[in-house]
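All residue numbers for the sequence shown refer to my numbering, where the first residue is 78 and numbers rise by one.
Misleading hints may appear alongside valid ones.
Cross-link-like lysine to any residue pairs, in silico, SDA-like; alpha carbons within 20 Å at most [stated by the list, open to error]:
hint: 1; residue 1: 222; residue 2: 236
hint: 2; residue 1: 222; residue 2: 160
hint: 3; residue 1: 83; residue 2: 105
hint: 4; residue 1: 190; residue 2: 245
hint: 5; residue 1: 190; residue 2: 214
hint: 6; residue 1: 83; residue 2: 126
hint: 7; residue 1: 222; residue 2: 84
hint: 8; residue 1: 123; residue 2: 159
hint: 9; residue 1: 222; residue 2: 242
hint: 10; residue 1: 246; residue 2: 180
hint: 11; residue 1: 83; residue 2: 118
hint: 12; residue 1: 246; residue 2: 187
hint: 13; residue 1: 246; residue 2: 221
hint: 14; residue 1: 246; residue 2: 167
hint: 15; residue 1: 190; residue 2: 160
hint: 16; residue 1: 246; residue 2: 205
hint: 17; residue 1: 83; residue 2: 236
hint: 18; residue 1: 222; residue 2: 187
Keep in mind that the hints were calculated from the coordinates and are not lab data.
Treat the numbers as computed from the prediction; the structure is a model and nothing was measured.
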Amino acid sequence: MTKRSKTPVAFLGTGLMGLPMAKRLLAMDYPVLAYNRTQEKSESLKTFGARIAQSPLEAIRDADCVVLMLADIRAIREVLLSEETRSQLSGRTVIQMGTIGPSESRQVEQEVKAAGGEYFEAPVLGSIPQAREGSLILMVGASSKQFQDWSELLKCFGPHPVLIGPVGKAATLKLALNQLIASLTASFALSLGMVQREEIPVETFMQILR
Numbered sequence: 078m079t080k081r082s083k084t085p086v087a088f089l090g091t092g093l094m095g096l097p098m099a100k101r102l103l104a105m106d107y108p109v110l111a112y113n114r115t116q117e118k119s120e121s122l123k124t125f126g127a128r129i130a131q132s133p134l135e136a137i138r139d140a141d142c143v144v145l146m147l148a149d150i151r152a153i154r155e156v157l158l159s160e161e162t163r164s165q166l167s168g169r170t171v172i173q174m175g176t177i178g179p180s181e182s183r184q185v186e187q188e189v190k191a192a193g194g195e196y197f198e199a200p201v202l203g204s205i206p207q208a209r210e211g212s213l214i215l216m217v218g219a220s221s222k223q224f225q226d227w228s229e230l231l232k233c234f235g236p237h238p239v240l241i242g243p244v245g246k247a248a249t250l251k252l253a254l255n256q257l258i259a260s261l262t263a264s265f266a267l268s269l270g271m272v273q274r275e276e277i278p279v280e281t282f283m284q285i286l287r
């Protein structure tokens with residue numbers, strides 16, 4: 078499939094994670110219209126072939142698919158669901174890939190559907206190196222048809238997207254995993270502190286831990 082025949086994607090939110098994810102789409106020959114509220118953060122995408130939109134409206138208007146990698150629900154409302162942009166969602170598919178709560182995700186789904194669009198969620202697990210490599214873990218809250226229709230695009234970000242269930246399920250799983258990771262990090266810090274207080278070599282601790 079040539080770049081010209083692939084779905085034009087509006088990528089809204091090109092911060093720390095969004096920037097390398099947008100680059101992955103460009104590397105896989107998707108036409109990308111990038112928008113970030115701080116425009117300087119999206120300017121580097123020009124080098125890779127992206128078109129930099131001056132507003133969310135401009136990005137959405139010229140795309141068939143809208144990928145969201147925004148900070149929170151407030152940003153989503155400001156960028157995607159303003160009075161100006163809401164009218165452009167008809168006939169377009171919105172893929173929410175940031176971290177928001179399940180009830181928030183379901184509310185966005187209702188509003189996108191009311192505007193005539195489609196919506197599903199695909200939050201990611203991983204950090205900047207995985208985003209650059211296209212090895213993120215994707216949890217998808219969608220219908221089976223949506224999952225099938227958009228699997229090729231999702232695989233730009235991670236090789237094995239997993240369908241969790243309908244909208245809200247993937248958002249819940251992402252929050253649960255974030256909580257688990259946070260608790261493990263806190264426990265590790267406590268254990269490391271205990272080792273250091275007793276002047277046990279950290280290398281020994283890590284060797285046994287591995």
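The hints, checked one at a time:
1. 222 / 236: Holds, at roughly 19 Å.
2. 222 / 160: Outside the cut-off at roughly 29 Å; violated.
3. 83 / 105: Given that 20 Å is the threshold and the Cα spacing comes to 10 Å, the pair holds.
4. 190 / 245: Holds. Residue 190 to residue 245 sits at ~15 Å (cutoff 20 Å).
5. 190 / 214: Violated: residue 190 and residue 214 sit about 27 Å apart, past 20 Å.
6. 83 / 126: Distance ~14 Å between residue 83 and residue 126 Cα, so the pair holds.
7. 222 / 84: 17 Å, holds
8. 123 / 159: Distance of about 26 Å is beyond 20 Å: violated.
9. 222 / 242: 12 Å, holds
10. 246 / 180: 10 Å, holds
11. 83 / 118: 25 Å, violated
12. 246 / 187: 15 Å, holds
13. 246 / 221: The hint holds at about 14 Å.
14. 246 / 167: Distance ~24 Å between residue 246 and residue 167 Cα, so the pair is violated.
15. 190 / 160: 15 Å, holds
16. 246 / 205: Roughly 24 Å separates the two Cα atoms, so the pair is violated.
17. 83 / 236: Given that 20 Å is the threshold and the Cα spacing comes to 19 Å, the pair holds.
18. 222 / 187: With a Cα-Cα distance of about 18 Å, the restraint between residue 222 and residue 187 holds, given a limit of 20 Å.
Hint check: violations occur at hints 2, 5, 8, 11, 14, 16; the rest are consistent with the structure.
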